[in-house]
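S.K.: Order-wise, the sequence lines are chains A and B. Throughout, this note's numbering is defined as the position within the first sequence, counted from one, plus 102. Throughout, this note's numbering is defined as the position within the second sequence, counted from one, plus 86.
Be a bit skeptical, because a hint or two may be false.
Just the calculated beta-carbon pair ranges, DEER-fashion [unchecked claim]:
#1 Ala181(B) / Ile286(A): 56 to 66 Å
#2 Gly321(A) / Glu385(B): 30 to 40 Å
#3 Ser337(B) / Asn205(A): 54 to 64 Å
Partner residues are not named here, just some residues of chain A that face chain B (Cβ under 8 Å, in silico) [as the list claims (entries may be wrong)]:
#4 Val144
#5 Gly147
#6 Ala149
#7 Gly151
#8 Arg234
#9 Leu242
#10 Val253
#11 Arg257
#12 Ile259
#13 Asp359
#14 Leu363
#15 Ile366
No lab work stands behind these hints, which were simulated from the structure alone. Cβ coordinates follow ideal geometry from the N, Cα and C atoms, glycine included.
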Amino acid sequence: MSDASSNMHSENAGFSLGAILREPVVLALFAIIILLGIGEAVSPGFARGDQIIKLLTVAALLGFAAAGQNLVVLAGGEGIDLSVGAMISLGAVIAGNVMDGANGGILPALIAAMGVTFIIGMVNGLGVNLIRIPPLVMTLGMTSVIQGGLVVFSRGIPSGNAAPALMNFINQPVVFGIPGVLFIWLLLIIGMVFILRATSFGLSIYAVGANPQAARLVGLPVKVIRTTVFGLSGALAGLTGVFVIGYTGNSFISVGDQYMLPSIIAVVIGGTSLAGGSGGYIGTVAGAIALILLQSVLTTLHLEFWGRQLIFGGTLLLLLMFYGRQKSARI
Amino acid sequence: MKSILSAPKSGSTVSKRPVWLVAFGSLVALVLINWFLQPSFFDGMVMHSNLTTFLPLTLVAIGQTFVIMGGDIDLSVGSIAALVNVVTVTVIAMAGGDAASVPIGLLTGLVVGVLCGVFNGLLISYLRLQPMVATFGTGIIFSALALWVMPQAGLSVPEVYWMTYSDFVLGVPTVLWILIAGFLFVLFMQRRPFESHLKAVGGNRAGAFQSGINMSFVRLLSFALCGLFSGFAALCLTGETASGDPLIGQSLAMGSISAVVLGGTMLSGGVGGAIGSIFGALLLGMIGNVIFFAGLPFEFQTLVQGLIVLAALAGGVLVARK
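Bound conformation, chain B alone (with noise of 0.2 Å):
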């Protein structure tokens, strides 16, 4: 339990700096080491690709944060990833499989989104459950809804879906539109009295149910954002590979704490920001590019990749604390 003393001087710490300068200067260090690596960096293609490749892990992360500001943790949004697809992708084909089916197919999938997150928040709000473990179980249940739905992979979706995905709009990459919806959903929050509540929240429960804050309904809408940005990620995953996989997104549970924690929020609680995890999932990514680029034998990457986040995130930590 979080003593009521300790609440304040972390309190303090946020307001001298952003969270996440250290994630982002680590971020510009490493385009440029990308850059030198891999001259063709700043190319348009290449850009798109990547972006494409780092955008559902991004907004995964996104909503990771909300829950971890709030002191609790949502393992379960793979899984809740892999039941959106199927879900999109079976309801796109129940309706027709025609780009007229497209929006109500996606509707579906944030709505199955948004009730897993519910589930989450009911469960580890109200009925108090341990998040970690309950989440780990909700997990289970949301993978085999998915294994449920569509026992195997399959079932493509109309062209213009992943189409418009893979397009420009306004001249303008389909998947830098959503980052920068994300970016802007993520200032919008951090003006909004729910955001400090959530700190709150997660700083010092005792403190803030005290102030009179509904501590259950804010963890509750916490694990709705998770669920549905998880759902965002997913029709992302489904723009790229235009198909649905129940198996879908499993790396995603553990790459959203990585990268939550990259960018400065702290997994106690009560501390960071959803921008600083924008940063860390790019960093993330980009991590695994240097490493490409850098002509390491094959083999050696996962330890590399390994040994250098667990480098980036003590750093991070060790940065943190001065």
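So that you can see chain A by itself, here it is in the shape it has in the complex (with noise of 0.2 Å):
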């Protein structure tokens, strides 16, 4: 388990393959071939193009909100947002609301959707990083308090429809087959690798997340960046909202609570610490492919519920213990 070779030089281990095997991604892309294999064998048709792209679809809202849980998460001092589902809720409600079934009201939506739920995140951040709340108690408190705003406001009704034109760009293909938001997480997965590899705001997050006091010794604003990536966290999983809503059609006041945990599980079996500093979005897409993937197979293999769950729960705990352990206290 823990030998004394493996403390130290784990990460530098050398180019075996079973350290290959071990990286999150390949790994995950692994699991997605397997899965695939297995939801073929056991219903066919299963692993057709037109199937992959809807799994892709939903598979797209999750890497979304995921994005910003990535931030977070990479941005370090336990770093986590578990307000992300209800901010995809109330992204869809205001997104709804706005725009009313109107095509001409979707910019107006998405203006206000990601303006509120940025302003929020911020206020997160700002909790955390100016009062030091943690994180985790932070924006669970968010949590409750949007989802109680979210019934003064409905009043727990179904409220708002979404725009046609929304819910064709997110049901119905554009080119080629794949409908528009697989083209806009493509442009989403472009930016976030930009952003996080090639300009001085993503290395920071590595710098902050990695070593905060470090960063903060050359000159790095580290509060400022761990409110913002919350600011942007809060934007993502609003946007997430308005894409939701094209995806169901109308908003309840719960529709985003699915989203939260698997969020930071995508993160996580994408190869992202949950303790900052090292990982990456292209993990975190395999991560949200591999997770929607599983419980589809799940849902094709006529298990009841609870089989299935039990499963979901097994599976997780295996890529687990493939590449989410901690670093042993031994020094």
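Join the two chains, each given in its own frame, into one complex according to the hints.
M.R.: Set out below in structure tokens:
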């Protein structure tokens, strides 16, 4: 398990097959291929092109939410955003009410949803960095505040409708049988990778996450960066909310709850360390796809609900065992 | 990773003032406000019913404190409670459903709770899985097992079970006996080396390892205790509802974490104590009460409760920093 050799040098253990296999992205890709194989074997047609595109559309929704989560986790300081689910619900409800079924309202809806969630995300960030409330607690508290606000606003009745153009954008193919939302996801992936690898902001996120003291000493605004990532996480969750209402057609106040913990899991099984400072969005994308695929395969297995859940939980632990393990305390 | 330099600083804040003081003060204030809003608050009946409502979360919060003091977290407590609830009810029914089968059911339930905690502990302290994600995963598994044992809410427990739970023993409500027992257990644990070892592990992993503490075992024990207390909470919930429900206890995970933090225990580990968590859990319950009796329109209650809890958490952090 943790013999002396695997302590200091586990990261640069070499180019052995085992080391490559333990690369999160590779592992997630393997998981994706195996899951597709199982799905196709159990229910022929599972791995057909249009089915895969449907799966990717669902994965994209999770991918948007997980992008923000990814930034927060990377910036370290025990960073985590548990308000992602509530923010998605909020974004969906705001967008639904602003556009109210009219195509002309899509842009205002997008601006309103992302604006409000960005501000709430910044409040999260300020609570964490100025008052120094632990992120877990701050965002958990914010979740109940948002949920409470949604109850006041909507009185629990579903309200607001998606504009037809938005629904088409998410559910209907635009080019080559691919819906528009997947192109947006591709743009986001390119954008995230570019920001994280080639901009000073992105590199600062890694620096702040890996070693805040050192980052402070070289003059990086640690608190500003750690606050901004919460704002971005909020805005990305708001964007997810807009797409979610496009996907489902109308919004209800708990529509985003189902995304909260999966957004964290996609980040973790994608190889981003919850301690911050290492990982990236490509892994998270693979993690999100693997997660959605797993759920989908389990649905086709004609198991009872508890059986599906049992396999889901077990697979999660298995994935964690491969590469979600923490460093040993021995030094 | 915590640096070695920061450990003594956080250690010295503990000795000056008990961490639970803020929670206790707020609790007293809320009790007075509640008394003002609801003059019958101190009636035996009202106190009894309030305590019955608050007790399960209080017990889970005690268990959660041990895990958090060790620098970990347990998101599976609600699922453990659900599993223990359905196992207890099912075992009692299988053993004949009479008064004599109740102890067998209680004992089996508690064993299941401890086993769940040990499973968590093995994964996290020996296989070194990340606690938050791992207990989320095990929580899914425990919930699945609960649904397997009992697909739908149902089965009732013998009358003697819920009668004893809602009744008095030697003139004192059973629920108060349980709370007192929880308190005494916490005081007892404070005097055991286990708790200082746990805080050492939570506050400074490297230092604890170098001083020869069996870290993995200490963390395993904290998860086992958390499982045990989730089990106790489940038995109380069973006494309250008198039946089995595989979906019971879903709010316990987040509620217990809030209670622990309100009680002055640091999420980063190493600082705190379960006394504060007891006050924190009662505080959470009282916040709900006060909002109810303040006569706010129903739809505003969740919002105001959320804002107050958030403000209390922020306030607690600010006070603790001074």
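S.K.: Evaluate each hint against the coordinates.
M.R.: Now the hints, each set against the structure:
About 58 Å separates the C-beta atoms of Ala181(B) and Ile286(A), a value consistent with the hinted range of 56 to 66 Å. Separation of Gly321(A) from Glu385(B) is about 48 Å and departs from the stated range, judged on CB atoms against 30 to 40 Å. Between Ser337(B) and Asn205(A) the CB atoms are about 40 Å apart, so this pair departs from the stated range of 54 to 64 Å. Violation of the interface hint for Val144(A) is found here, the shortest Cβ-Cβ separation to chain B being roughly 20 Å, above the 8 Å cut-off.
For Gly147(A), the suggested interface contact is broken, since its CB lies about 28 Å from the closest CB of chain B, more than 8 Å. Checking Ala149(A) against chain B: minimum C-beta separation of about 26 Å lies over 8 Å; hint violated. Checking Gly151(A) against chain B: minimum C-beta separation of about 31 Å lies over 8 Å; hint violated. A least Cβ separation of about 6 Å between Arg234(A) and chain B falls short of the 8 Å threshold, and the interface hint therefore holds.
Evaluation of the Leu242(A) hint against chain B yields a held restraint, the C-beta minimum of about 6 Å falling below 8 Å. Hint on Val253(A) holds. Least Cβ distance to chain B is approximately 5 Å, under the 8 Å limit. Evaluation of the Arg257(A) hint against chain B yields a held restraint, the C-beta minimum of about 6 Å falling below 8 Å. Among the interface hints, the one on Ile259(A) is violated; its C-beta lies about 11 Å from the nearest C-beta in chain B, farther than the 8 Å criterion.
Hint status for Asp359(A): violated, given a least beta-carbon distance of 11 Å to chain B, over 8 Å. The interface hint given for Leu363(A) holds, since its Cβ lies 6 Å from the closest Cβ of chain B, which is under the 8 Å cut-off. Because the beta carbon of Ile366(A) sits about 7 Å from the nearest beta carbon in chain B, less than 8 Å, this interface hint is met.
Hint compliance for this structure: hints 2, 3, 4, 5, 6, 7, 12, 13 are not met, and every other hint is.
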